[in-house]
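Student: In numbering that gives the first Met the number 0, the protein residues as written are 0 to 738.
By construction, these hints were calculated from the structure, which means they are not laboratory data. It is possible that part of the hints are untrue.
What the hints assert, rightly or not - Taking lysine-lysine pairs in the DSS-like style, the calculated list, with each CA pair at most 27 Å apart, reads:
| hint | residue 1 | residue 2 |
| --- | --- | --- |
| 1 | K102 | K125 |
| 2 | K122 | K65 |
| 3 | K304 | K241 |
| 4 | K102 | K137 |
| 5 | K118 | K98 |
Unchecked claim - Restraint ranges, calculated between C-beta atoms of paired labels, are given here:
| hint | residue 1 | residue 2 | range |
| --- | --- | --- | --- |
| 6 | K458 | K103 | 28 to 34 Å |
| 7 | K103 | Q338 | 51 to 57 Å |
| 8 | K314 | D270 | 50 to 56 Å |
| 9 | R385 | K98 | 19 to 25 Å |
| 10 | Q156 | K118 | 32 to 38 Å |
| 11 | R385 | K314 | 51 to 57 Å |
| 12 | E130 | V705 | 53 to 59 Å |
| 13 | G302 | I505 | 21 to 27 Å |
| 14 | I725 | S124 | 43 to 49 Å |
| 15 | N152 | E130 | 22 to 28 Å |
| 16 | K319 | D270 | 15 to 21 Å |
| 17 | K118 | G302 | 37 to 43 Å |
| 18 | V307 | N179 | 22 to 28 Å |
| 19 | N179 | N158 | 24 to 30 Å |
Since we're looking at a predicted model, the values are computed, not measured. Positions of the beta carbon are idealized from the N, C-alpha and C atoms, including for glycine.
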Amino acid sequence: MKKSILNDSQLAAVNKTKGAVLVLAGAGSGKTRVLTHRVAKLIEEDVSPHNILALTFTNKAANEMKERIFSLVGSRANDIWIGTFHSICLKILMYNIEKIGYKKGFAIYDADDSLALIKKILKLSKYESSEINPKTIKYNISNAKNDSYNYDNYLTQFNDFDPKEYEHEATAYVFEKYENELKTNNALDFDDLLLKTISLFEKNKETLHYYQNKFEYVMVDEYQDTNEVQYRLIKMLAYMHKNLFVVGDDDQSIYGWRGANIENIYNFEKDFKGAVVYKLEQNYRSHQNILNLSNEIIKKNSGRKDKVLFSDEKKGDKPKLIVYSDEYAESRGLAKICQDLNDDGESLNDIAIIYRTNAQSRLIEQALVEANIPAKNLSGRSFYERKEIKDILAYLNILINTDADLYLIRVINTPKRKIGTSSIAKLNAYAFENNISLYESLDFAEDIVPKAAAISIKKFKTMMAEFELKKDSIPLNDLMERVFVKSGLKDMYINASTMAEAQSRIENVEELIKNAAERENQGETLEDFLYNISLITNMERKEVNEAVSLMTMHSAKGLEYRNVLISGVVTGILPHAFSANTQAGIEEERRLFYVGITRAMSHLYMTSYTTRATRASGFFEVTMASTSNFLTEISDDLYEKQETVQAKQMMNNISGDKTSSSPFSGFGKPSFSSGTAFKKAKSDINITYEISDKVAHPKFGKGQVVEISGQGDSLVLTVDFKEHGIKKIFAAIAPIEKV
DNA sequence: TCACTGGGGATTTTT
DNA sequence: TCCCCAGTGA
0 MKKSILNDSQ LAAVNKTKGA VLVLAGAGSG KTRVLTHRVA KLIEEDVSPH NILALTFTNK
60 AANEMKERIF SLVGSRANDI WIGTFHSICL KILMYNIEKI GYKKGFAIYD ADDSLALIKK
120 ILKLSKYESS EINPKTIKYN ISNAKNDSYN YDNYLTQFND FDPKEYEHEA TAYVFEKYEN
180 ELKTNNALDF DDLLLKTISL FEKNKETLHY YQNKFEYVMV DEYQDTNEVQ YRLIKMLAYM
240 HKNLFVVGDD DQSIYGWRGA NIENIYNFEK DFKGAVVYKL EQNYRSHQNI LNLSNEIIKK
300 NSGRKDKVLF SDEKKGDKPK LIVYSDEYAE SRGLAKICQD LNDDGESLND IAIIYRTNAQ
360 SRLIEQALVE ANIPAKNLSG RSFYERKEIK DILAYLNILI NTDADLYLIR VINTPKRKIG
420 TSSIAKLNAY AFENNISLYE SLDFAEDIVP KAAAISIKKF KTMMAEFELK KDSIPLNDLM
480 ERVFVKSGLK DMYINASTMA EAQSRIENVE ELIKNAAERE NQGETLEDFL YNISLITNME
540 RKEVNEAVSL MTMHSAKGLE YRNVLISGVV TGILPHAFSA NTQAGIEEER RLFYVGITRA
600 MSHLYMTSYT TRATRASGFF EVTMASTSNF LTEISDDLYE KQETVQAKQM MNNISGDKTS
660 SSPFSGFGKP SFSSGTAFKK AKSDINITYE ISDKVAHPKF GKGQVVEISG QGDSLVLTVD
720 FKEHGIKKIF AAIAPIEKV
């Protein structure tokens, strides 16, 4: 091992190849470097690549590790099992699923599929009309699974005075049906990939021993993010050889909401006897000014393993906080910063804009488009979640697995074939009674559904049979092209939408087909292809042009950029309001912020705003917003604060004129709500406010503004709500910039 | 029984 | 913006 490229702590960790090792690696301290060099070291010591397993959380991390190991040891890297927990489990299940009572060709239901299934079950249940949100149920079920609960003992986790009793009762009900349905569909959901692997190991010791024996060296990246199930899996796999090497940073634990148990990293030394711990605190990514800020922020968290990052790079700009008047101004501001950085010689590829929630990306993308700055969204709706992709994949999945009813339900009337919901319901009932799959029930359509539908079904079935016949005899891309055209999907996209939309949908499908052709050349069958893409969230597209990267903070983890712009550093978003009611929640949000900040190598910008327009009851509600308390609670010497002219004006200007009754331009409907209020409009330096005299209030309904008076830095509107009489409502005003 | 339309409502983070 | 639902017309 070349000593020069590793520091002493890194080298010590790399050289400790036997036994249990925990590397506590601060952000940017060369965690991936340690992992990859350790693999290289093992291979140098003649460990067979077949005996090495490396587990990561994201595909991105897995790919990066593969590449970096490849560059160290060449093609031997190809034989190492490197992948996400989910993909490694999938690989194991592909060979072994029959041992636990599933058929080969099992389906994998993704998050959307699971939700669809849950909705279907809810609809048929007594909870149908209740206020139960399917997403909540899905979340509950997934959490239960990740905590190793099943539908039988689900309710035992709550005490007698469970405030959410009804919700949990509904969850338990749906949970059971959901699991049964998955089983009869010969399908697994994402959580099952891990759980079924564990039950495979529990029920089949031979298989377990095979893998325990195979994986002499087990490595886990981002150990702080492991949940109960993953922890059990790691323990099982490393049991025989006991060479377990985990890398993590408790300060970057951001998946608590998915069941990640930060205790796993704290308990490592107890769990694995003789464990050795190495700390990496030297940061090679950011300069000291960025680290000072991140250190101060994370220090506010309790119970952490103390680490203080330091850097040899002392020079560098102080992080900047820029406050705008609202989100619109903010997104334009972000575009301008990108432009300025680019003018200063920074490549757009070296700029990342990161945010807390995906929803924030829309405005930003818009602003970038307007400013002519190319951007790529690294999170967002992924390629494989697009409607057109899911449609064609559903057709293909049926060719592999006719038991997976969900796929059939998706495509049987897409495009429209006059097979409506009631016909499908009848088929469903018939299938259920006769204990056959929905697909098999199609053969009996004549007896079950009206004639017109029966004829369509027969046609559909004939078409599918044709595809099936062709499946093994023509190339994959030809098969897909055929399915795309003959099913009518292509025509549907062409006809049902605008030109631009049609083009984009068709391009996406063509891209998928191209990708399939490449994969077939590498020896993948249709089945392999469907499995391999089922866990990928975004297709690697070769980006030719420079572009700014957009992503959530969660997906930013593990990445680094010279210039990082963190948007929406506003209380309510960061920390997110959903997580703000518990200490643990707030601390996780703080870690998230910490992750964001520590992505930056040389320039860090944080942006916030003073008013926020959100939607409530169909109307825009404008509320006051303030810079995240994560920043305001620490010394402001650590960053440079700038307020834009507009934000200042917003704070200083108060007068208002009732000049118009038209809806506020650019904002759709007039707006506001209790305790808050209002919006905007206008141009130029001389700000005049244009305020609608018709407003709508979430509680009081529609009303007429009868009087406006200035008061302090706000307005008071006197509004006549017909049903509730006259009310005085506080309103804050946010001017916008000249467009 | 099916398709289409318009209005209303909703959006944390990921494999 | 996109998704879901109720209502309507064929």
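Student: Each hint should be assessed against the structure and marked as holding or not.
Tutor: Here is how each hint holds up against the structure:
| no. | hint | verdict |
| --- | --- | --- |
| 1 | K102 / K125 | violated (32 Å) |
| 2 | K122 / K65 | violated (45 Å) |
| 3 | K304 / K241 | holds (25 Å) |
| 4 | K102 / K137 | holds (25 Å) |
| 5 | K118 / K98 | violated (31 Å) |
| 6 | K458 / K103: 28 to 34 Å | holds (29 Å) |
| 7 | K103 / Q338: 51 to 57 Å | holds (54 Å) |
| 8 | K314 / D270: 50 to 56 Å | violated (42 Å) |
| 9 | R385 / K98: 19 to 25 Å | violated (35 Å) |
| 10 | Q156 / K118: 32 to 38 Å | violated (24 Å) |
| 11 | R385 / K314: 51 to 57 Å | violated (45 Å) |
| 12 | E130 / V705: 53 to 59 Å | violated (36 Å) |
| 13 | G302 / I505: 21 to 27 Å | violated (53 Å) |
| 14 | I725 / S124: 43 to 49 Å | holds (46 Å) |
| 15 | N152 / E130: 22 to 28 Å | holds (26 Å) |
| 16 | K319 / D270: 15 to 21 Å | violated (43 Å) |
| 17 | K118 / G302: 37 to 43 Å | holds (40 Å) |
| 18 | V307 / N179: 22 to 28 Å | violated (52 Å) |
| 19 | N179 / N158: 24 to 30 Å | holds (28 Å) |
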